Amino acid sequence: MAQNREREETSYAASATSNATLSVRWVQGFPKQDVHFINEDTICYPSGNYVIFINIETKKKTVLQCINGIVGVVATNIPYEVVAFSDRKLKPNIYIYNFPGLTRRTKLKGNILLDYTLLAFSYCGTYLASYSSLPEFELALWNWESNVILCKKSQPGLDVSQLSFNPMNWRQLCLSSPSTVNVWTIERSNQEHYIKAKSVKLPLEDGTSVNETDVLFPHSLPKDPIYGPVLPLSAIAGLVGEEAETFRPKDDLYPLLHPTMHCWTPSSDLYVGCEEGHLLLINGETLKVTVLQKTEDTTQSDEPHHISPVTLVYQKDGVFASGIEGSVYSFIIKDSSYKVENFLETEGPVEHLTFSPSYKMLLILTEKGSVCIYTFGEKPTIEKVLDACDGKFLAFDFITPGTKYFMTLTRSGEICVWCLEDCTCESKIYLNTPSTALACSPSSHSAVVGTMDGYVYFLDVQEVDSLGVVHKAFLSKSAVQHLSFDQRGIFLFVGSSEGNIFIINAIPSSSFQILGFVEVSKDILQISTVSLLDVDVVQVMVLSLLPEAAKNRVELFTVPQTLPKVSESFTDERGKLKEELIHTYRYEMEHTLSSAVLDFQSNQIYGFCNQAPYICSYLLPEKQEHTEVCILKPHQKVQSKHYGTGMLYLSSHGLWLITIAKCGILCIRDINTLETFARCRSHSHQAHGIQSIRISMDGQGILVNGKDDGTLVYLKWKRSGGNFANESIDHFQHLLTFLSKTIAQENYYLNSPRVSMDLGNDFEHSIDSSQEELVTADSKKEIPWLQRKSQEAVEKEIKMFSHKRKEIKRGIKELAKTVLNMMEENDKLDDIAKLEQQEFGLDLEELERLHDESEEEVAKIRKDAEMYNLAKSYLTEVIKEECWNAMAVKGRALKCFHIPYVVENFPMKGRPSEELKELKKVLQQKKIEAECLKLRKDISEVQSAVSLVKKRHEEDDEEEEDEEKISRDSMLPNYLLGSLSTDFGVDTSLLSSQLELHSREEKINQIILLKDIIYKVKTAFNNEFDAAYKQKEFEITRVTERNVRIREIISDLELEETVWQPEFEDCEKPERTLVVEDHEITAQKHVSPWQKAKAELISPYETERWLHSQGLDVRARALMDMMGGVLEVKKEDILRMVIPQPAFMAKADALWTEEERKQFKEYEKKVKELNEERDKYRKSLETELKKLQNAIQESTQSFDEHLKRLFERRVKAEMVVNQEELKISNLVFSLLLDEELTSREIFLNNYLVRKQEEKNKTSEAIRKSREDLEAFKEHYDNLMAEDKVLDRSFKKEFSEIPSHQVDILYKLFKRRPRIHKQKTHSEAASNVPFGERPGSAKLNKDTFAHLMKAMDELDNINNMPEGLDPSVWEHFCATRRAKVENEHKVKQKATGLVEMMAFLRKRVEDDEQVQREIEKVFRELVLLQEEKVKFQLDLTIQILLKQGQVELENFQLILEYSDAILINKTIIEDLNSVIRTQGQKKVASMMESKEVHKGIYQIEWEHKKMEMEMEDLNQKAWDIQMLFLSRERQKYLSEPNYEGLINIQIGIMEQTIAVIDKTHKKNVENCKKLLKKLEKFNNQKDVANYTLSCHLREELVAVSERKDICNAIGTQLTFEKIVKERYKNTVQQQKLTNISKQQAEQISVLQAEVERLRMKTFPALVQM
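Mapping of the sequence shown onto our numbering: position 473 corresponds to residue 454, and the numbering continues sequentially without gaps.
It is worth saying that the hints were derived from the structure and are not from the lab.
Predicted model, so just to flag it, every value in this text is computed and none were measured.
Don't take every hint at face value.
Claimed, not checked - Taking lysine-lysine and the BS3-like style, the derived pairs with C-alpha atoms no more than 25 Å apart in a straight line are:
id, residue 1, residue 2
1, 1471, 1485
2, 42, 13
3, 1542, 1553
4, 1146, 1157
5, 559, 780
6, 688, 72
7, 133, 1550
8, 320, 297
9, 1549, 1539
10, 1157, 1254
11, 182, 1383
12, 1160, 1149
13, 1601, 1265
14, 1539, 1550
15, 182, 1232
16, 992, 871
17, 320, 341
18, 992, 1011
19, 320, 269
20, 1366, 1265
21, 177, 1232
What the hints assert, rightly or not - Pair ranges (Cβ atoms, derived):
id, residue 1, residue 2, range
22, 1603, 59, 29 to 35 Å
23, 1486, 1451, 49 to 55 Å
24, 808, 1055, 48 to 54 Å
25, 889, 1185, 21 to 27 Å
Even glycine gets a Cβ: it sits at the ideal position worked out from N, Cα and C.
Whole structure, please, built from the sequences with the hints as guidance.
Encoded structure:
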């Protein structure tokens, strides 16, 4: 046997170690992320550590393994046929591989710390965008071909869900998240890249747009002329940092649409699907959002009202979308509306849609992981490329013999049979129940599945394409955790969660008989079996965990092969195997193990340590008692080189120990040395490593399943390592030969007719007719085997002991009757002879238990009640402490006796020490300021002139007027004080004037002083209230005293009047509410047992004491009986006195004697006297009663009047308090507004600093861009110059050949090949909506390659002109090729130059925008400072006005008093009276002066009039003497219509002047135009001269270079020609310079002429 053979030598193992390697044959996993096309025929997706490629046509899979662990995100580039993926590790990398070669093209290393979440290739060029989430939130743009990061940008806190390039423009990126959509623009300047984001403003949830106001500089805020400037909300919130730029209050935040997916259109617009069912159209340039309206189709009633797209892909005329309900919809979009049509129904919710590169196929990925391909055409077809299982692989196993097929199980109960060669699914079956374990039998083609509800299903797997359930067993109600066959397939061991190991006959011919069970510890970790071919027993080892001891227990027992025959003899009634059969041994380990196996010699246990990275072997003791627990110590310990918990497995031949762990590494070790000779990383620790493995019987294949990644990997030996493979194969052949006969027999039995419970292969028809019977049978309540065995044992015991049970019951009944009789007799006995009821309890333990339970329940209820009472007491104490004890003056009220007036005092808390310290400090400061002001006034040397005049005026006034004025001034209320606090005797001299509160410190001090005034006002009123309260107490006491006498009088007069007794109410004595009186408690008082005993003990003594006290008071009882309790008659008793009638009055009058008649007269006299006394006394009592009642009425009414005045005082005090609090509120508001202004100013300064930093960055970017542009332009100019030089020097280079050949060559030199563009197929072009994608670097390279290929055809010798030397032709071809390459470079440089100029223009625009924002901030700062100064000077004051002074007609209240001042009214009145008096005096003097001046003016006027008349007469006389008659005068005298003639002449002159003016203006305009042209020409010449001077230096360099070239070539003529051309250009430049000088002189002359003409047109105002 292979397991009994030993190693020949250790060198053999070493050689095997160096040769044995494992390779991945295939990987089976289902997509959890998006599936991508890498070309027209191949798709790929990540699964675990691998990227799986599937050919759509052949279904062939190719696997690419990530060497660093689990694959992160994947992206593909179809034009280059490359795939990019990231690994998930600390500081991850991005790997780019070619397809189909799967060779690594490049490795991208970034600065990301945790993980990449999104990758996307551009549709044109070699650009890759990556996005990472926590902690960087960084978007990076890579040139993956050159392995560099072009640019990157971070957006903290933005978790992006989708990233895509614009297919028509690689310079645009869209990043969408569930709350935002951002469009990023990439700008390029040569090698520099700049990325900038613009956020899309999403509509509200109902699809309406949001009208947002500017948060930083709101211009629509209302202006408040009273309460100062209105500031932004960020300033009100006190924010000064960057958070103020985006701050919005909670009320201004409205729920927006939540984007789910987006896709680009050929017009560079975006379609965005939202969670609320809206479809948005976003313009790619302006980012304007349009909510597309859905047009309802009444014919389709089953159409959903709102579709929340999970994925979107663009098609012509609309988009394809998928929802969560498992349908694919077609959105036909027209203008701003769309129509929804059902396109395709799928088997489950669709997670992803994508088109193939030719848009002929649509890939559909379901939520389950299945992949379908929908092919468009005349007859559309849908094909399932990948059929996913229902969940992760939970368990799997090889179907015997393990070379062709294997089975898998998912948690939902889906069982699949797979081909081992290529992992194609052969068949499926659905158990439709949660499953836990799977195992295949080595002795037959059957398998077993364990479930969560305790069932075990047995399946027939002979025909892999038609599975069926042949048997099922209900073992127990606990879940099945472990299934294990022994190596020969004799027994099946089933481990349950309750710690039971069920042993089942694994032979199908035995109908899978349950042989029994073994009890072991709970929490079974692993079951290991050893069943050798030449041994008749099966060794079973069970590893379990002891949680309470944190140890492992190993239980080892043997099962004989003959157990099926003797199982009934060696099992008890409940099915448990007896100890004498299985011989159980128990062991415990020093270390906790996560896994353990038993070697094939059954003398060692191999364990995987749980808390230490070791694998240990434990030797089993040879002699041990079955009852004792042996502690095993490690015999051999080696490092596992794993991390995390792991598992151990043995190969079928027992020589290989396979170890797996959370690290994802599989190691195969030699069982003897525990040295690793094969190692493979099949999974990753990020997915918690490997869950389980299975090794085939021949040892050539290993199936490995990941724990969290859902990936199943098949490993094969690439190099098996010499004798290792031979031993495994020999053992496999030997075992297969041994089992072949058994397998044939059992297969024959399985093929025989039987009542099967097949579960169909189809998912849609998973339950056939046989399963219906199974379901019908299951519908009845089925009893587990373990419970059935227990019930059978119980029934057997009941039958066996039924007679004894009856006897016991009869005896119990008789005993109960006897006890009842005894209890009845006990009740009839005396108390001394009675027994306690507890004495009759027979089951004292049960009685005690019930008593304890009741006591516990009572204690629990009592504790709950105590805790409830404690909570309420605590709350009471808190409220009392806060609202009562903490009050220095308790709140109470006073009520009047007769009128409904209630006066309340001011509840006041004690002032804290901090407040008193601040008050003391402010008072001290105010006193110091007052003393300083007084000293300044005393020291001043010169009094103002106004004060001196005022003093002199006051000395002249009379004393009476002064006294009246002083009394009037003192009676004036202090209007500027703003309150009536002085009426309560409060000193307000330390308060600052309301007109002087400008600084913050003054306002704070004023608030402290106002609080002190409020406290003093309240204290003053409380003192008055306390006096009134004492007075009421005195009044109530006096009324009570008088009521005593009133009650006596009423009782004496026997009146039925009620006595009015005033009392304090609860509001007047609130402390009474804190005390609970006995009469307020309605519940019965709880009396504890000890209190009851005490009361019973004391009551006899109390009774005896009372009787004794009554017996001693004999004298009082005798006095009461004989004399009514008094020794003499009081005056008050007259009304109750009665004169007794004589005894004879009972007889008739006729029978009376004389003596009796005398006695009767005396009796009448006494009665009359007594009645008179009674009347007199009654009247006196009535008079006294009225007097007392009147006194009470007067005293209470006087108190009511006093309380009424106190009520008015209370109202006034509350008014004063409100006035002071209003002043405090105004001051606090001003302080708050001051803080807001300061916050706003700080924010603006910080914002300005940030903008200045941004301005520095933009300026630096402009400077750098300009430098790069100049350098690039210089390089471009050099290339252009070289291109021109090549063109010009062509004929010189071929000057040695004839001229006609030179002309022919020059024509060929100018000729360029025509590159025919590859026209795409019309159908393909019609399918692809995006068409050709411009700007591709690959396209440029391909174009240049085609050009060079066409040049090769032109360079062919056949195209050489006749008679041309071949060497000349070769030289010509080389020259032409250099010319073409140079032209290609020039075109590329020109494109780059345009790009750089556009980039510079963008940077300049950004800089100007930042500059405008800086200027805006400066303006805002200036306005804010003005507002702040205005606010500090424009104070809000409080003025007291009399009633009627604030009443205005028509309510025309003017609130704007910008030019007003506030002064006292008396000052205005005094000034007005003085002004009236002085005005009247002035008016009288002015009237007198007016009359005098009037006479003087009249005389002077008459004198001047006479002088002027004299001068006029003298002048007329002189004119007559000197009169000269000129022709004009003669014409005037002779012409009858002289006025008309003059008008005609004037008109002619005006026309002449107008013509001259028009001509002059025209000449001036012509001169100006000529002057402008000359200036423009002059500027052009200056620019040209400057350009020529700049080029001159370059030309000098070029001349020297050309000179060297010419010297080297030896072409003297070319040099001379160049010299002549340079000389000619220089001469021409000199001529142009001279012409410009002449033109400048002409311009100066023309300017002088224009000035002369302009001056000529002005009129000469010279006196003739």
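Original post:
Any of the earlier hints contradicted here, and which numbers?
Top reply: 7, 10, 18 and 22
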